[in-house]
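Chemist: Sequence lines, in order, name chains A and B.
For the first sequence, our numbering begins at 1 and goes up steadily by one.
For the second sequence, our numbering begins at 1001 and goes up steadily by one.
Derived from the structure by calculation, the hints contain no laboratory data.
Some chain B residues close to chain A (C-beta under 8 Å, calculated; not the full set):
1) 1040
2) 1041
3) 1042
4) 1045
5) 1048
6) 1056
7) 1058
8) 1090
9) 1103
10) 1104
11) 1105
12) 1106
13) 1107
Distance condition first, Cα-Cα at most 30 Å in a straight line; then the derived DSS-like pairs of lysine-lysine:
14) 68/A to 106/A
15) 1030/B to 54/A
16) 106/A to 1013/B
17) 106/A to 1030/B
Take a look, some chain A residues computed to stay more than 12 Å from chain B by CB distance:
18) 13
19) 18
20) 61
21) 67
22) 70
23) 72
24) 74
25) 78
26) 83
27) 113
Glycine included, each C-beta is placed from N, C-alpha and C at the ideal position.
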Amino acid sequence: DQQVKQNSPSLSVQEGRISILNCDYTNSMFDYFLWYKKYPAEGPTFLISISSIKDKNEDGRFTVFLNKSAKHLSLHIVPSQPGDSAVYFCAGDRRNSGNTPLVFGKGTRLSVIA
Amino acid sequence: DAGVTQSPTHLIKTRGQQVTLRCSPISGHKSVSWYQQVLGQGPQFIFQYYEKEERGRGNFPDRFSARQFPNYSSELNVNALLLGDSALYLCASSLPTGGKSPLHFGNGTRLTVT
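Looking at chain B on its own, in the form it has when it is part of the complex:
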């Protein structure tokens, strides 16, 4: 079975640009979450979507937005990129939103902002 897939794997952007990251969940998983991991830190929650509706938003500015499509895939958009947005962006999927279903992560998109 295919795991969570993310694209692209690496991305280099300049300050002020916009970026779109993509994620396909494990088949049958309807919940998708996005996390940001900077070096030396644990993943930080950005968004969660379930059945195409936003279910949670972390402490990130409005430059960050996301959506989920009818096939449960998802996109994360970041506008007006800053140097501090350089990080590994992780997508995770799970079965229903309860605690018995662990999040399964993709390998992430490494974003570098110069």
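For reference, chain A alone in the conformation it holds in the complex:
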């Protein structure tokens, strides 16, 4: 049972344009959703999160939108830069409910082309 799904394995975007990475979930009990970025040979790096009671959170070039009725969230990167090229993981978080692990999607590889 895949509770968090990232249906696009890869995405290519021109430098300066917007990158939109999508994530769907099935478990309504997630308290938070987090996005992580991963470069090769490094661990995932926390990027941005959103509480399940919010519909938007913004941090610089990164904005996450949450649509609870559709069980869908998206990460927008504007403007995209070559250094943003990485694998992006979406994760659901139930730690507030005492259920400890993050549940990750399979990731989307973003390539930003100069």
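Chain A is already provided as a structure; the job is to place chain B on it using the hints.
Modeler: Relative to the frame of chain A, chain B by itself:
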């Protein structure tokens, strides 16, 4: 500030052997989690420890075990290694176990079982 540190960075073992992976959390973080990432998948939860007690266990066989020490560092042990145990093993630390504190990952240990 030092991030999460893991050792060794790479390891090659043969089937049937045993392996111990080590993790030092960020200073002040009392919660440590272990994740396994195989190629093409997101990280999968193995264990979580908080204040030296196991707080969660993922769907992994009993060959996998872990512990946390008084200084909050942690070890992951895998016995009777199988080829399928080849993966990137990630350690993450966080402040209290609630959802407002994101997990901070180390760069992982790449385990190859031949």
